[in-house]
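*Asks:* Residue-level listing of the chains:
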Amino acid sequence: MSEQPKGRSITRRTFMTRAGKAGLAVLGTAGLGLGLYDAKGPAGPDSAALTGQVSLPDFSLPELAGKMAIIKGKDRTKSLEAGFKALGGIEAFIKPGDRVLLKVNAVIASPPILSATTHPELVSALIRLCQKARAAQVIVTDNPIQDPATCFNLSGIAKACEEAGARLMLPRPSGFAPYSLAAGRLIKNWPIFYEPFKGINKVIGLAQAKDHHRSGASLTMKNWYGLLGGQRSIFHQDIHGIITELALMIKPTLVILDGVSSMIKNGPTGGSLSDLKATETLILSTDQVAADALGAELLEKTPAQVPFISMAARAGVGTADYHSLRPIQAAAG
Amino acid sequence: MGLGVFLVLAAVGVGVFLKQFSLNPAVVATRELRSAMGVLKPEAAPMPAPPGLAPLGQPESFTPENLFHKINGKAELYLASGFENLKAQRYHLPGDPASWLEVLVYRMKSPRAAFAVYSQQRRPEAKPIDIKGFSYIAQNALFLAAGPFYLEIVAAKISPEMEKAMTALARGFKAANPAGPEGIPELAWFPEKGLLPHSAALHMAGAFGFEQLGEIFTARYQDGQAEATVFLSRKPDPQAAASQAAAFEKFLVANGGKKMAAPSEPAGAALIDLLGLYELIFTQGPILAGVHEAGGTEAAQELASRLARKLKEKTP
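Chains F and R, in that order, give the protein sequences.
Using my numbering, read the first sequence as starting at 1 and increasing by one per residue.
Using my numbering, read the second sequence as starting at 334 and increasing by one per residue.
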C-alpha cells in the first residue's frame, strides 16, 4: 500500500482510479454478503418465536399460600378428591372460565405400571375436576425431547386427555422462546417451552415421586425441568442449582405429588416393578418445597441426598419443614 | 492510517468468525428438538423378533451424545461406565397393542463395563433364570449381561405371555451373542460369610463419590443388624494400589474424616471415622481393598481381616 506524501496533491486520473477500485471493493463485499445471507436463519422458518424474551406471571393464589394436604390411599382418583376437599374444594383453586395448564411428567415412553411418568388415572381425574369447576380450557403438556407423541401415547396420558376432554399440547420448535430468570445464574436467555402458557391463568404441576440418579429425587420442583428446551442435559452438571432456579421460575397455583407408588431406586427411568414401593400417599400443596420435603421422605432420602430442597427453601421458594404448614391429613380408598 | 483500518476490519472479521460457533441457546433448542423428533432413523432391529411378536414402531439407536433423550437422568450411569451405543425396539403381542414390551440393547466398551451397569441396578429380590451368565427376571422385566452387551426387556403388562416372550427374546439374544461375562475373577474374592446375595457390583468410575476410584468391586455384608460394604480393586502394581489408597484416605479426611489409630490387621491399614461411620483401607500387593461405612471399628476390622485372608487365598 503506497502512501501519498503529505502536502502533495493527486491527479484527477489517480483519484478516479482509486475511487473506482474502492467502489468495486464495496460492491464485491456487498455481493459476497448477499450471497452468504441466510434469509431463514439457523433456526429455520420458525425462528420468529425465538426473538425477544418472554416472562411468566405468578400463577399462585396468595389466599391459599402454605396449604397442604396429605392423603393416604391406593386409589388416585379418590385421593385427589379427598385432597381437594381438605383444601376447600377444587373451586378454591379453579374458577369458572379459568384456563388451566397441567404440567405432567411424560419424560419417557414408559407404561403406567412403572411409575416413571405421571399416572394417566391422576391426569384424567384432575381434568374432570377442573371441568367440574367450569374451567374454560384444560391443557396438558410436557417436553419429553424423545419422540413426544410416543411418550404421551405409551404413558397413557394421551388417552387420558382424549377421554377426559383436555387438549394435549406437544412441543414444536416454534413453541419455544428465550427466558431469563431475574437474578438467575443458570437460566439466562434460555429457551423454555412457552407456548402452553399463552392465555393460561392457572398452572398445576402433576409430578411422580421417584428416585433420580443425578439429583437424588425427582419430585414437584424437578418436574419443571421438562419446560426447558435446548441442550438441557448440560444442567445436570449443576442439577440442584437448576432445580432451585426452576422452582423460582414457576410460581404454580398448586402442585400434586403422586407417591401412591414411588420409584425408590434405579430412577428416574426404573424399568422394574421391584424399583417401586407402595407408599400410598398423594400430596397436594401450594408450597413446592414442602411437597418435596415429604416426597423425599417417601423415597427414604436423607436431606443430604436431596440438597435442592434446602437450597430452594433458602431461596425463598417455600419451607422444607412441611410440618410447620400443619398439613391436613386424611385417608381415601 | 490505512494499516489501522485494515487491522480493525481484520479484528471484526475474526470476531464474526468466532461468534458463529456460539449460537443463542434458543436457536440450539429448535435444532435439538428437530433432531430429537427425527431420531427414529431406520435402524436394524437389535434382535430378530421371535414368532408371536410384532414390531411396534421403528427401531431406535442412540449414541453417547443423545442417550439422555432415551433414558433421561440415568444416562450418566451408563456414560460413566463406558457406554458405546443403545439399540431399542418395541414389540407387541399380535392383536393386543396394549401388551407391549421394549428391548434395549446397550453396547458397552467391555464385558466388565456391561457387568458394571448390570450389577449396579441388580434387583436383589428378583429371581434368576436359566440363561448362563448374569441374568434375572423381575415380574415385568428381564435383565441380562452377555459379553459387552447389557440387555433390558421391559414389559408394559404382567402376564404369562409376556414372560414367555421376554424369555424367548433373551434366549435368542444369548444364542446370537454367546460370549458371556463369566471371566470376572474378582467376584470370587469376596468372603462368603455375611455376604448379601446378589449384592456384588462393579463401579467403573467415581466409587464412593471419589472421582479417582475406578474399577472398584463392592459387596454388601450383614453383621447382625448392621450392614457394611466391602470393596476391592486390582491395580497394575503394588505402587499404584498404595498410591490410590493414600489418595482415597486423603479424600476422606478432606471431607470431614478423622484418622484413627492404625488397626493391628490387616498390615498397614488406615482407619477413618467419617461422621460416625468407619472406613478401613488397606492394600495387599496390587490389590486395593477395604470396608466402607461400617457401623463400628470392630465390625470394620473383622470384615477387613476376613477379606484379607480371602484375598491371600484367592490371588497370586
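Worth flagging that the hints you see were computed from the coordinates, not collected in a lab.
Mixed in with the good hints there might be a few duds.
No farther apart than 27 Å at their CA atoms in a straight line, the calculated lysine-lysine pairs in the DSSO-like style are these [to be verified]:
1) K507(R) to K465(R)
2) K465(R) to K490(R)
3) K497(R) to K507(R)
4) K490(R) to K265(F)
5) K507(R) to K420(R)
6) K420(R) to K442(R)
7) K647(R) to K591(R)
8) K420(R) to K265(F)
9) K72(F) to K490(R)
10) K497(R) to K277(F)
11) K647(R) to K265(F)
12) K460(R) to K277(F)
13) K265(F) to K568(R)
14) K568(R) to K490(R)
15) K277(F) to K490(R)
This structure is a prediction, so every number in the text was calculated from the model and none was measured.
*Asks:* Work down the list of hints and note, for each, if the structure agrees.
*Replies:* Results of checking the hints against the structure:
1. K507(R) to K465(R): holds, 9 Å
2. K465(R) to K490(R): holds, 26 Å
3. K497(R) to K507(R): holds, 15 Å
4. K490(R) to K265(F): holds, 20 Å
5. K507(R) to K420(R): holds, 16 Å
6. K420(R) to K442(R): holds, 15 Å
7. K647(R) to K591(R): violated, 32 Å
8. K420(R) to K265(F): holds, 24 Å
9. K72(F) to K490(R): holds, 26 Å
10. K497(R) to K277(F): holds, 26 Å
11. K647(R) to K265(F): The given pair, whose Cα atoms are some 33 Å apart, is violated under the 27 Å limit.
12. K460(R) to K277(F): Holds, at roughly 18 Å.
13. K265(F) to K568(R): At roughly 31 Å apart (the allowed maximum being 27 Å), K568(R) and K265(F) break the hint.
14. K568(R) to K490(R): violated, 45 Å
15. K277(F) to K490(R): Answer holds: K277(F) to K490(R) is near 18 Å, not above 27 Å.
Violated hints for the displayed structure, listed by number in ascending order: 7, 11, 13 and 14.
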